[in-house]
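*Asks:* From just these sequences and the hints, can you work out the full model?
Take the sequence shown: its letters are residues 15 to 116, numbered as in the working numbering.
Once the Cα atoms are required to be at most 27 Å apart in a straight line, the calculated DSS-like pairs of lysine-lysine come out as:
| hint | residue 1 | residue 2 |
| --- | --- | --- |
| 1 | K91 | K28 |
| 2 | K44 | K23 |
| 3 | K44 | K31 |
| 4 | K108 | K24 |
| 5 | K49 | K91 |
| 6 | K50 | K23 |
| 7 | K28 | K44 |
| 8 | K108 | K28 |
| 9 | K28 | K16 |
| 10 | K91 | K24 |
| 11 | K103 | K31 |
Hints are computed from structural coordinates only; laboratory data are not their basis.
Given the structure is predicted, the values throughout are model-derived calculations rather than measurements.
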Amino acid sequence: MKHTEDQIKKTIAKVYKDLKLDHNEQYPIKLNFWKKEDPDNRFNIDYWSGWYDYSKGFPPNEMYENYIIMINDKDGKPLSILIFPEESKIEIDKNGNYAWEK
15 MKHTEDQIKK TIAKVYKDLK LDHNEQYPIK LNFWKKEDPD NRFNIDYWSG WYDYSKGFPP
75 NEMYENYIIM INDKDGKPLS ILIFPEESKI EIDKNGNYAW EK
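*Replies:* Next up, the structure:
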């Protein structure tokens with residue numbers, strides 16, 4: 015692993031903020047690390063996947079979508095976001111913010 019969990023969590027939080035994804039920062043971010051050689055690795059590289067963990071449930075009148083962000087371990091940049099049932103690519107805009115790929 016080239017990046018720490020804290021570095022990846024900061025990147026994931028920034029992706030959520032920049033893409034204006036509905037979320038609540040009071041919940042923890044959960045991470046998985048995928049090695050290139052893992053049989054179910056979708057990208058054939060070392061990468062992280064992460065999301066806000068709402069597994070303990072929500073207070074009344076509160077609910078959020080579950081977006082899964084994939085981060086390249088080599089350079090720490092987001093690869094894509096999984097919004098069930100499809101995946102969308104992410105890029106960096108001219109201001110250095112994460113944006114939907116055009």
